[in-house]
Amino acid sequence: MLEIQNLKTRIGDSEILRGLSLSVNAGEVHAIMGPNGSGKSTLAQVVAGHADYEVTAGTVTYNGKNLLELEPEERAREGIFLGFQYPVEIPGVNNAYLLKAAVNAKRKHQGLGEVDAFEFLKLAREKMTTLGMDPKFLNRGVNEGFSGGEKKRNEILQMAMLEPSLAILDETDSGLDIDALKAVAEGVNALRSPDRAIILVTHYQRLLDYIEPDQVHVLSEGRIVRSGDKSLALELEERGYDWLREAASA
Amino acid sequence: MKQSSLSITDLRDVMRTLPDNGLTPAREAALAHLDEHGLPTLRDEDWKYTDLSQVIDISNRWLNAAGDKRAPNPQGSHIESIISSIDATWLVISNGSVDGRSSEGITGSGIEISRFSDAPSPFVMERPLADLNAALLQDGLRIRVTGRVEKPVGVLVIDRAGSSAGVSQSCVEVDVTPGASVELIEYHSSDGNEDHYANSVLSLAIGANAKVKHVRIQNRSLKHVQTGRTSVALGRNAELRMASYDLGGGLIRIDVDIDLSEPGSVVVFDGLYLAGDGQHIDNHTCVDHYVGPATSTQEYRGVLSGKCRCVWNGKAIVHKGADGTDASQANHNLLLSEKAEIDAKPELEIYAEDVKCSHGTTVGQLDESALFYLRSRGLSRSHATQVLTHAFAADIVLRAPVAAARDAITGLVETRLAELIESDFVADLQS
Chain Z
1 MLEIQNLKTR IGDSEILRGL SLSVNAGEVH AIMGPNGSGK STLAQVVAGH ADYEVTAGTV
61 TYNGKNLLEL EPEERAREGI FLGFQYPVEI PGVNNAYLLK AAVNAKRKHQ GLGEVDAFEF
121 LKLAREKMTT LGMDPKFLNR GVNEGFSGGE KKRNEILQMA MLEPSLAILD ETDSGLDIDA
181 LKAVAEGVNA LRSPDRAIIL VTHYQRLLDY IEPDQVHVLS EGRIVRSGDK SLALELEERG
241 YDWLREAASA
Chain W
251 MKQSSLSITD LRDVMRTLPD NGLTPAREAA LAHLDEHGLP TLRDEDWKYT DLSQVIDISN
311 RWLNAAGDKR APNPQGSHIE SIISSIDATW LVISNGSVDG RSSEGITGSG IEISRFSDAP
371 SPFVMERPLA DLNAALLQDG LRIRVTGRVE KPVGVLVIDR AGSSAGVSQS CVEVDVTPGA
431 SVELIEYHSS DGNEDHYANS VLSLAIGANA KVKHVRIQNR SLKHVQTGRT SVALGRNAEL
491 RMASYDLGGG LIRIDVDIDL SEPGSVVVFD GLYLAGDGQH IDNHTCVDHY VGPATSTQEY
551 RGVLSGKCRC VWNGKAIVHK GADGTDASQA NHNLLLSEKA EIDAKPELEI YAEDVKCSHG
611 TTVGQLDESA LFYLRSRGLS RSHATQVLTH AFAADIVLRA PVAAARDAIT GLVETRLAEL
671 IESDFVADLQ S
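First to last, the protein sequences are chains Z and W.
Numbering of the first sequence is given in this note's numbering, commencing with residue 1 and proceeding in unit increments.
Numbering of the second sequence is given in this note's numbering, commencing with residue 251 and proceeding in unit increments.
Bear in mind the hints are in silico, worked out from the structure with no lab data behind them.
Check each hint, because a few of them may be wrong.
[Said to hold, decoys possible] Derived CB-CB ranges, DEER-like:
| # | chain 1 | residue 1 | chain 2 | residue 2 | range |
| --- | --- | --- | --- | --- | --- |
| 1 | Z | ASP52 | W | ARG486 | 39 to 47 Å |
| 2 | W | GLY429 | Z | VAL115 | 46 to 54 Å |
| 3 | Z | ASN189 | W | LEU648 | 34 to 42 Å |
| 4 | Z | GLY12 | W | GLN615 | 17 to 25 Å |
| 5 | W | GLY326 | Z | ALA117 | 24 to 32 Å |
| 6 | W | SER303 | Z | GLU114 | 46 to 54 Å |
| 7 | Z | ASN63 | W | LYS589 | 40 to 48 Å |
| 8 | Z | ASP52 | W | HIS633 | 57 to 65 Å |
| 9 | Z | GLY175 | W | ARG649 | 28 to 36 Å |
| 10 | W | THR291 | Z | GLY12 | 44 to 52 Å |
| 11 | Z | GLU237 | W | GLN615 | 20 to 28 Å |
Note that the Cβ used here is the ideal one computed from N, Cα and C, for glycine as well.
Same shape as in the complex, but just chain Z (with noise of 0.2 Å):
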């Protein structure tokens, strides 16, 4: 579904990712795990097209698409979905507003008619319900006064109601309470299916023991230095990053 050769990009002056390569099959989820400025982040922006980043070689496909020819939008309507780590507060403008915006947007590429504005709501709501969500937060701003762990819950409805084939989360359990932890690991094992892939971005371990990868990679200074199993995981866990970058640059 996904895959990365030798992907470098850039930011300004400094180079991030310098030589990534990723495979990521339908029916698989990935964990990418490592330590701050990685590259993880710029990872999880580049896949969903932010312009800041400059991509100076490498090639990124999707499902037999050159993906860094799309527009974020042609990306998002293509069933990729960017769960931020930071995810923006929009005053002004309505959350039931964007969720529909952005169902209808992909309905259309998809040559579907809009949906039925009182039976989305009605999805909205049970979804919401699921992820422990007052149904109330539909008439807020996006993310505008939302605690954390409410942005998080919310990119997790946003990921429900848009079915991605693919879906990244970019630390999605971080400054979350064990409660929205749990729900946000309920959403995204709802959503695993055969046709779906899902890249976790994380720091911890934590957030593996409620949603198991099949596969683990451990990026460091813009690289994929190990790739394993759900065990790497716990390895890290133990033993911390150093011990790679040590093997790495060996």
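With chain Z fixed as given, assemble chain W onto it according to the hints.
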């Protein structure tokens, strides 16, 4: 040939062709004031951003045609579409003439409608362009509110340019007696291809404990010029909630003067201006706090696209002894294009003790992180731009004090914003 000022002789000639309806002494006095003081120029501090040479040019062409009165009447369908968009009791001033049907059947519970010619009064408003207004005024509209008026009262000022340059004057006096209340809608519109200059005056006297809600909607042709003055005086414990929406017009200059000479009064006013290529919209406000306690709060917001220029100059003067004054001013601008220009100038003059005053001005572009967030959810760049721009303008629209006008304002703002965003995208593609 362009002239740098108006010919008083020509003005007098045209003035003498106006109906002899008892307003002649006031016209003469106003013309004498104009002769003495002239029109404001760029050298006047209050007028340094707005060049009136277009006003002079249109007026002189009109005067040279001896005050051409052959201007066609505004189309009935145009009037109908506006007055049917807001549920109100409508009065119409078309091409400077108070519509004969206007006052019929309205005078009734708590409200009296008349014309200046019914009881002429002397010229007193010695303010720039108000003198020109009084000198050339055919007749004015007087609204006296003596009770609690439930249905909003709308005044539609509509002009239609004919085959040559046109000039029109409108003047509305509203007197709200103590304890009375009313909702007012002032709607300015125009069409036609020739140049047109409209000059309007609204004078609003709000008695003790009276309450007024007022919206001004300006949606003139993008070719036309308008200057306007709103002059308000509030009595003890009186309250005014006001909002203005400038959507159209080529050159627009609006002055708002608010006089707080009695304690306990509250004024809250907002403004929204949406400008695109070739537009110049200037809002000058001045609140005089003569006594305290009294509160004035204003917030203007602007969305600017293409090559346009807007001006916001908000002045609050807290005079000696006006202790207990609470005055705040805010102005926020969203620039969608690099060619747009805003001159934002808050002015606070404080000569009293124990006052609370604040002002803030911002000029910015769309938040890129918010744009990316929306695009990452599948919204196109133009849709995301539209959503964020609407959100910026929405507060001022939602705060429209006259509820009956809110839907119409929302529709006008949405339409205009869509045009502005669309034209910027076309400009982007071509550059």
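*asked:* Run through the hints listed earlier and report the numbers of any the structure violates, in increasing order.
replied: Of the numbered hints, 1, 5, 8 and 11 do not hold.
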